[in-house]
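S.K.: One letter stands for each residue in the lines below.
2 protein chains.
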Amino acid sequence: MLDCAIIGGGPAGLTAGLYTTRGGLANVVMYEKGMPGGQITQSSEIENYPGVTGEITGMELMMPWPEQCQRFGLKHEMVEVTRVSKSESGHFLIHKLDGTTEEALSVIVGTGSTPKKAGFVGEETFFGRGVSTCATCDGFFYKGKEVAVVGGGDTALEEALYLAKICAKVYLIHRREQFRAAPNTIERVKNSGNIELVLNAVPEEVYGDKMGVTGIRVKFQDGSTRNIDVPGVFTFVGYNVNNEVLKQDDGSFLCEVNAWGEVVVDISMRTNVHGLFAVGDMRIAAPKQVVCAAGDGATAALQAIAYVDEILNG
Amino acid sequence: MLDCAIIGGGPAGLTAGLYTTRGGLANVVMYEKGMPGGQITQSSEIENYPGVTGEITGMELMMPWPEQCQRFGLKHEMVEVTRVSKSESGHFLIHKLDGTTEEALSVIVGTGSTPKKAGFVGEETFFGRGVSTCATCDGFFYKGKEVAVVGGGDTALEEALYLAKICAKVYLIHRREQFRAAPNTIERVKNSGNIELVLNAVPEEVYGDKMGVTGIRVKFQDGSTRNIDVPGVFTFVGYNVNNEVLKQDDGSFLCEVNAWGEVVVDISMRTNVHGLFAVGDMRIAAPKQVVCAAGDGATAALQAIAYVDEILNG
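Note that the protein sequences, when read in sequence, are chains A and B.
Positions 202 to 515 (our numbering) are the ones given, in order, by the first sequence.
Positions 202 to 515 (our numbering) are the ones given, in order, by the second sequence.
These are computed hints drawn from the structure, not numbers from a lab.
Wrong hints could be hidden among the right ones.
Said to hold, decoys possible - Per the computed footprint, the stretches of chain A lying under chain B, defined by three or more beta-carbons under 8 Å from a beta-carbon of chain B, are:
1) 245–254
2) 262–269
3) 335–347
4) 466–479
What the hints assert, rightly or not - Here are some chain B residues the structure puts well away from chain A; computed CB gaps all over 12 Å:
5) 202
6) 284
7) 292
8) 486
Ideal placement from N, C-alpha and C gives every residue a C-beta, glycine not left out.
With the sequences and hints as input, model every part of the structure.
M.R.: In structure tokens:
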């Protein structure tokens, strides 16, 4: 029986591992099929993780985490978890891809979320070198420059507004004439003064050179095309919350999730199921920043320690 | 008019400054009368801030923060803020000790909380060298050793339970016969197996040598004394939430606070007053860890940016 099972090895999962084991839980396993570090390891530069300075990549930022987080006894199992369910004894059952299971008193899930691809040529090639899915992370690198945003929903518009404060100009590329966003947000976009709407336009290709992106070509409904020369392209066309592990055999979720599939938690990262916590990008209202995910991990770990103590000694 | 006023220069305030300015807010001032860094700078060792490793002090951990957080335009004013109020125009007024005021569109308050002193000889001298007020932070340094806990409320008992998982034995020193804590928590303390209750006992003196604490002497109601030889003494006799800046002339608070004076916030650090955010140790359910406070700061900053954009362009 595990004291705590941690699903996911990003900043949230690693920090949860550090805090649970350092706080005295003896038998804690972090399930992460790949190398720990999470999505941020794909980032070419990060300068907003407080306390770690210099021009560093996401990979370099995360380099010391696994050793630091595992030195108090956290175990790492390189296996995919397919599902978390309730066990007959009222605890949790961790289902692994190899068919075996493990029982756990508490579970912290931090499997993140994955931005959807917009589907244009060059999107993968230039990802992290001009193509980004995070304005908060990368917007500042284009201070005073022009950028393009692809998308027409609430997130796209909010991120365009965020970028408009930093960048000289934002081209907002949307495949339709109308946005599907809150009226107030649309109004702010129109009032911003430096957001040019590029409507009825589908992004065809991001082009560039060895240094990175130099522009994006869009195609309009009438068949004409336009080259927009920008060093940065931000895509916000939705994302998939990686909540598969919480899906039960009957299609329901183990705990409450919202309409977007994000796990509903309270300020202490507790789901509506006792002993089950959700952390990082998969939870509601996630700021999707490394420092926030790490904070979530610590918060959930302290709750898990108290929960385990309560069921063992309560 | 400031875009954002940040009150307090600990990990939460510094990170809020980093994220607001890097996110495009032009006029942001952090009010901190002393050196930035916060309470953690008094800590002699910290090993649980993810990504920063090695045997370092709290002071060393915080060393790079001010420069990193200020390189995007955050200003630091070394002045005491006495009060934050609503201005006539519906924004916020920052009252400074020198009698001047500053108007701000948004405010992020992170003034922390201060543990109360238990009031025994040696408490100040040995603080950070065996006397601690944070089990999560310092408990692990006493792994397999014996420690003493001073206090009889919920926090004291919960921290004693936390320490009991890590330490060989915990002496729980309380001045009364009965605890003022949740019945279930008291039960768990009695069931823990390695918590010895030292009741009707008042701590008189912590003693030690150049290396730190070696023990604590308590005095019982009947006048007898006992020396408990331990290298660590944890005091949990309450704390003061530093919420003075939110107190208005009529004695009310600018926003909702709970019975302990902690600021009520939602998962995005929003108080019940639009444009006013609370972060770090002063908010409800605060885990009181550097990484959590920093996460709060980033979270509140992103909210403040959106709020300011909404009132300027909405």
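S.K.: State for each hint whether it applies.
M.R.: Checked hints:
Against chain B, the region 245–254 of chain A contributes 7 residues with a C-beta closer than 8 Å to a partner C-beta. That satisfies the three-residue criterion, and the hint holds. As drawn, the region 262–269 of chain A meets chain B at 6 residues by the rule of a beta-carbon pair under 8 Å; at three or more, the given contact holds. As drawn, the region 335–347 of chain A meets chain B at 3 residues by the rule of a beta-carbon pair under 8 Å; at three or more, the given contact holds. Counting residues of the region 466–479 of chain A whose CB lies closer than 8 Å to any CB of chain B gives 4, which reaches the minimum of 3, so the coverage claim holds.
The Cβ of residue 202 of chain B sits about 16 Å from the closest Cβ of chain A, beyond the 12 Å cut-off, so the non-interface label holds. Residue 284 of chain B, annotated as away from the interface, keeps every beta carbon of chain A farther than 12 Å; the closest lies near 26 Å. Residue-level check passed: residue 292 of chain B sits 18 Å from the nearest beta carbon of chain A, beyond 12 Å. For residue 486 of chain B, the non-interface assignment is contradicted: its Cβ lies about 5 Å from the closest Cβ of chain A, within the 12 Å cut-off.
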